[in-house]
Amino acid sequence: MYQYQNKNNKFTVYIVYFGEHDGKKTLLEIENTHHSYLNSVKESHEDAKSSLLYSYKNSINGFAAKLTPDEASKLSKMKEVVSVIPSHGKYRSQTTRSWDFVGLNDHSWNRAQMGDDLLLNAQYGKNQIIGVVDSGVWPESASFSDVGMDPVPKTWKGICQEGVAFNKSHCNRKIIGARYYVKGFYNVFGAVKPSEDYLSPRDADGHGSHTASTATGRQVPNAAALGGIAIGIASGGAPMARLAVYKACWAMPGKPKSDGNTCMDEDVLAAIDDAIGDGVDILSLSIGFNEHSPLDQDVIAIGSLHAASKNILTVCSAGNGGPSPASLANIAPWVITVAASGIDRQFSSPVLLGNGMKIQGYSISPYAMNQMYPLVYARDVARLGVPQYLATQCQPDTLDPYKVNGKIVLCFIGQGRNVDKGIEVSKAGGVGLILANNQDNGNTIFYDSHFISATGVGYDGAVTILQYIYSTAYPTARIFPVQSVSHTPAPFMAGYSSRGPNHVDAHILKPDITAPGLQILAAWSEASSPTKLPYDRRSTKFNLYSGTSMSCPHVSGVAALLRAVHPNWSISAIKSALMTTASVTDNLNNPIQDYTGNPATPFVFGSGHFQPIKASDPGLVYDISYDDYLHYLCTINPGLLNKVNAKINCPNQLASPLNLNYPSFVIPNLYGPVTVTRTVTNVFDGQSRYEFSWNLPQGVSILVSPTVLVFDHVGQSFSFTMTIFPANDYSVRNQYVFGWYMWSDGRHLVSSPFAVFLP
1 MYQYQNKNNK FTVYIVYFGE HDGKKTLLEI ENTHHSYLNS VKESHEDAKS
51 SLLYSYKNSI NGFAAKLTPD EASKLSKMKE VVSVIPSHGK YRSQTTRSWD
101 FVGLNDHSWN RAQMGDDLLL NAQYGKNQII GVVDSGVWPE SASFSDVGMD
151 PVPKTWKGIC QEGVAFNKSH CNRKIIGARY YVKGFYNVFG AVKPSEDYLS
201 PRDADGHGSH TASTATGRQV PNAAALGGIA IGIASGGAPM ARLAVYKACW
251 AMPGKPKSDG NTCMDEDVLA AIDDAIGDGV DILSLSIGFN EHSPLDQDVI
301 AIGSLHAASK NILTVCSAGN GGPSPASLAN IAPWVITVAA SGIDRQFSSP
351 VLLGNGMKIQ GYSISPYAMN QMYPLVYARD VARLGVPQYL ATQCQPDTLD
401 PYKVNGKIVL CFIGQGRNVD KGIEVSKAGG VGLILANNQD NGNTIFYDSH
451 FISATGVGYD GAVTILQYIY STAYPTARIF PVQSVSHTPA PFMAGYSSRG
501 PNHVDAHILK PDITAPGLQI LAAWSEASSP TKLPYDRRST KFNLYSGTSM
551 SCPHVSGVAA LLRAVHPNWS ISAIKSALMT TASVTDNLNN PIQDYTGNPA
601 TPFVFGSGHF QPIKASDPGL VYDISYDDYL HYLCTINPGL LNKVNAKINC
651 PNQLASPLNL NYPSFVIPNL YGPVTVTRTV TNVFDGQSRY EFSWNLPQGV
701 SILVSPTVLV FDHVGQSFSF TMTIFPANDY SVRNQYVFGW YMWSDGRHLV
751 SSPFAVFLP
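Be aware that the sequence shown starts at 1, since it is given in the UniProt record's numbering, and climbs by one per residue.
Read the hints as simulated data drawn from the structure, not as lab findings.
Accuracy of the hints is not assured; some may be wrong.
[Said to hold, decoys possible] Quick list of simulated restraints, FRET-style, between CB atoms:
1) Q123 <-> Y186: 38 to 44 Å
2) M357 <-> G442: 36 to 42 Å
3) S44 <-> N637: 34 to 40 Å
4) Y402 <-> D440: 31 to 37 Å
5) P153 <-> M78: 38 to 44 Å
6) V485 <-> K193: 39 to 45 Å
[Said to hold, decoys possible] Derived SDA-like pairs (lysine to any residue); straight-line CA-CA distance at most 20 Å:
7) K79 <-> Q297
8) K126 <-> H566
9) K49 <-> V188
10) K310 <-> T155
11) K358 <-> A368
12) K126 <-> K154
13) K358 <-> V463
14) K403 <-> I423
15) K614 <-> T681
16) K255 <-> P534
17) K403 <-> P387
18) K403 <-> T392
Yeah, the Cβ is synthetic: ideal placement off N, Cα and C, and Gly gets one too.
Using the sequences plus the hints, can you model the full thing?
See below:
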């Protein structure tokens, strides 16, 4: 396990975690207690004081300090210590059409009459507070205007922390709080370089502004990416909600911004602790890690558990490690883990060949081409002595300017960044780039903001273009300007979206849900560029960006709306409503497809694609209390609970983690009958009668009791059991199979996925 360590320092930062505060000590007393632990392992009081980075004292009880491995080991053996976590520096930062696509902007007369207009019912998220832990904010963006907003809620306890290019005037009735956390970063990398980032809540990257505005940005007309692409009304899910900014992610020194930010464990945990103390309602974290850590070593899991104790819902990105299995980040059952999918919009830029054929292409290049130009294949215009495979990919210094000048060049995807291939073509005098997929990539779509007229084509289209080039003495082509076009089928799963199964507890099905995360338009930092590359001097107020980082704030925004409409719901009720009303079919009424074109599974999309309107009226919910989550810890680590919360003890007979009242489940190995118990709570006014149904996979049978539930008032709960056992079918073995179980009263369909491994 690699740990970031300052090369000039023998110390590593460790987080020493004690669980919950007992509520009996003042903030000063808490900090003095933390100092006493450091005094017990350090040589002097001065060493102890200088080693402390953070004292977590709002909800989380712990501290971050510079320790030697021996000092960390001594602390880990103390009775009161839950865990000692080495700082890995592992966390990395991972919409005009998207809200229309999920139905949130449907303000039709019929919907208003039926009371189904979620935005109106929620007053656009008015006075809900969304805390975003990310790379900061660009406060001048129109997405963060406070025009027409009410005064800051009196319950707010946060601050507006000043710093480089950021002062108290940059906070307003929209951005009601802003803080930054740099001590962990500083310990490893030294001071923040002014040329790389702002030592303040200001966003130099774009990622933080993008995620914040996707969750809670104001409605901005005529917003567009560079070149006017994707023009429309940019809006967050909860445009009247308040934004609290917690900057814990920083530019990596000496690397381009396109490589992503780094977010140190201790800085992230400090941000979450302050957010809890400040009084946020929703926490949105579009960051994740590359390592598989147990829950007591995962600072987002720890911080979000403390948030759950205050009924604060945490929404996290699933990670961009797909399509590899078991690649998920943020798998704690008390967070919503969000996968990424595409919407019904693509950016079309076809290629017209000299023989009249038109090849479908896709691009977000803002540069137009209005005539035919000579067309060449990169391999045929290489510099003398350059290997063909390098020239084919338009690697740097591979193309001959004499042969390329004034021409469109066909290059294949391969090593290096796609935009760099366009730069090589431009440097050699070319006027356009056709970037072709290789056979492995097939017809997967890649969008890049090139510096010349450019488009991307699938492998089949590339073969057709090559055949044309070699069929005539003077091949020509034209790249058409980018246009937004509708796309079917949608949604479809992004190939990069991380997948299950859950690598920490295989009984918990993750991800939980999917939301739009492909080419999302949202606010951007004007200190950055569309590509975030050092040689890109272009600037834009809004940018198209992809990742589970983009899907996460979609759910955060809608969660704020649901909280506004249902202020008495628990955070698990909100989560259940989102999951059980999700859709598993696309706009052609077929199963949601993976990037391969094959049907995706719950290990890819969780419960399905979120449907905000339906989530506001789910009928039934699977509720989970904070104490339930603590008892769940007993099932995976009995010794952990008493340290996290000394007031609650594990029962003598431990339950299975399968019986956490989760809206889905996984049976990792089905050797014989397994019984799963669930409890549903009625949240719909009036009497209702629900009947059970299922969609079973091959190789599995089920017995359910009862199969009918009759409710006569809101808040009434009933439990039911499902006994899953292997069917007498040996044709399906050594694999996971997937099914669904549903409750329906004719108006509501409460649907949940499950997975079973048949050994």
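Each hint, compared with the structure:
At about 41 Å, the beta-carbon gap between Q123 and Y186 stays in the expected band of 38 to 44 Å. One distance hint, 36 to 42 Å for the beta-carbon pair M357 and G442, is violated here, with the actual separation near 20 Å. The hinted range of 34 to 40 Å is satisfied by S44 and N637, whose Cβ atoms lie roughly 36 Å apart. Taking 31 to 37 Å as the suggested C-beta distance range, the pair Y402 and D440 conforms, at roughly 33 Å.
At roughly 40 Å, the beta carbons of P153 and M78 sit within the given window of 38 to 44 Å. In this structure, V485 and K193 meet the distance hint of 39 to 45 Å, their C-beta atoms being roughly 42 Å apart. Note on K79 and Q297: the hinted pairing holds, with a Cα-Cα distance of about 17 Å set against a maximum of 20 Å. As the CA atoms of K126 and H566 are separated by approximately 13 Å, the hinted pair is consistent with the 20 Å bound.
Under the criterion of a C-alpha separation no larger than 20 Å, the hint pairing K49 with V188 is consistent with the structure, at around 18 Å. Between K310 and T155 the alpha-carbon distance is near 14 Å, which keeps this suggested pair within the 20 Å criterion. The hinted pair formed by K358 and A368 meets the criterion: a straight-line CA distance of about 17 Å does not exceed 20 Å. Restraint check for K126 and K154: satisfied, since their Cα atoms lie roughly 14 Å apart, inside the 20 Å limit.
Note on K358 and V463: the hinted pairing holds, with a Cα-Cα distance of about 13 Å set against a maximum of 20 Å. Of the pairs offered as hints, the one joining K403 and I423 holds, with about 16 Å between alpha carbons and a cut-off of 20 Å not exceeded. Taking the CA atoms of K614 and T681, the gap is about 17 Å. The hint holds against a cut of 20 Å. For the suggested pair K255 and P534, the alpha carbons sit about 9 Å apart, so the restraint of at most 20 Å is met.
With a CA separation close to 16 Å, the supplied pair K403 and P387 stays within the 20 Å bound. About 14 Å separates the Cα atoms of K403 and T392, which keeps this hinted pair within 20 Å; it holds.
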